[in-house]
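> Chain by chain, the residues run as shown.
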Amino acid sequence: MNTVAIDALLVTTVVLLVRSTLVRPLRRVLVELCGSEVRARVWVAMSETALATGMLLSAAVCAVPASSPGIGPGRLAWPLRGAVAGALMGLTTVAAVVAGFERRRSGDA
Amino acid sequence: MTAYWAFSLVALVGALTSVGLALSLHPLLSRLLGELCGSKARADFWGRISLLWIVLVTVLAATATFGYPDSASATATQTFLGALTQVRFLLAGLLGSIIALAVGLLWFVRRFDENATPPRAAWGRRLPGGVQQPPAA
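Chains as they are written, first to last, in this note's numbering: chain A, 23 to 131; chain B, 396 to 532.
If you're looking for bench data, these hints aren't it; they were derived computationally from the structure.
We put the beta carbon where it would ideally sit given N, CA and C, even for glycine.
Incorrect hints may have been included.
Residues from chain A that face chain B, not an exhaustive set, calculated with beta carbons under 10 Å [as the list claims (entries may be wrong)]: (1) R46; (2) V64; (3) A67; (4) P95; (5) L110; (6) A117.
Chain B is nowhere near these chain A residues, computed Cβ spacing over 10 Å in every case [claimed, not checked]: (7) L38; (8) T43; (9) P47; (10) W65; (11) A99.
Isolated chain A (complex conformation) (with noise of 0.2 Å):
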C-alpha cells in the first residue's frame, strides 16, 4: 500500500472520530440555545460540513507531493498533522462560538 493510500485512511479516520465525536453532544447544546430542533439542525449540518471540509483542506494543504526527494517519513505524518490541526482550529471556533452563545443567552435571562 502506498503513503497517499494510508494518509487518506488516515486523514478520513480523524475526520470520522471527531465527526462521531461531537454531532450529538453539539446538535443537544444547540436545541438548548436555540430554542427549536430546526434550527438546532441548521447549525449542526452546517458545522459538521465547515469542520470535515476545513480538516480536509488543512490535510490537502499539508500534503507532501510524492516527487519531493528525501524527506523520511514527514511524507506520512504531513497530511495527518494537517488533518488534526485543522481539526483543533475547528473545534477551537465551534467551542468559542458556543461559549459566546451561552455568555450571550445568560446575560440576557
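Place chain B on chain A using the hints.
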C-alpha cells in the same frame, strides 16, 4: 527497523495513550462539568470538547518528524534518536493539553464560585443568605 516503522509505532502509542487518558478523565470531568454548567447537554458538549482536545493535541505532538533522517540514508542510531525526539514531543503534547485543560477548568470554577458567593457588606463581612445590608444613613 526503518524510520517509517519507528515513526508509526510511536505515533500509535501516542494516540492510544491520549485516548486512554481522555477516557479515564472523562467520568470525573463529566461530574465536575455537570455541576458547573447546570445542564446535562452543556456538560456533555464541553466534556466531548475536552476529550477531543486531549486526543488531538497529543496526536499532533506525537506525529512530529523532527529528528528523523531521510529514510534512504538512516542508520539505526539516527532512527532511535528520531524516535526519542518524537517521544519527547508526545509527552510535551500530553502534558501541555492536560495543563491547558486544568487552567481552563480553574478559570471556570473560579468564575462559578464568584457568581455563587454571597456579596460582601461594605466592611467586608459576609452576610448570611447573600443579602446586602443597606449602608447606614
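> Min Cβ distance, A:R46 to chain B: is it shorter than 10 Å?
holds (8 Å)
> If you take the shortest Cβ to Cβ gap from A:V64 to chain B, is it below 10 Å?
Given a least distance of 17 Å, the restraint on A:V64 is violated.
> Taking 10 Å as the cut and beta carbons as the points, is A:L38 off the interface with chain B?
holds (13 Å)
> Verify this label for me: A:W65 is non-interface relative to chain B, using a Cβ-Cβ cutoff of 10 Å.
holds (13 Å)
> Given A:A117 as an interface hint, is the shortest Cβ-Cβ distance to chain B below 10 Å?
Since the shortest Cβ distance to chain B is 5 Å, the answer is holds.
> Would you check whether A:A67 satisfies its interface hint, that is, whether its CB is within less than 10 Å of any CB in chain B?
violated (17 Å)
> Just double-check A:A99 for me: nearest Cβ-Cβ distance to chain B has to come out over 10 Å.
violated (5 Å)
> Would the hint on A:L110 be counted as holding, given a Cβ-Cβ threshold of 10 Å to chain B?
Cβ of A:L110 sits 5 Å from chain B, so the hint holds.
> Mind checking the CB of A:P95 against every CB in chain B and telling me if the closest is under 10 Å?
This interface hint holds because 4 Å falls under the 10 Å limit.
> Quick one: work out the minimum CB distance from A:T43 to chain B and report holds if it exceeds 10 Å, violated otherwise.
violated (5 Å)
> A:P47: least C-beta distance to chain B exceeds 10 Å?
violated (4 Å)
When held up to the earlier numbered hints, the structure conflicts with 2, 3, 8, 9, 11 and fits the remainder.
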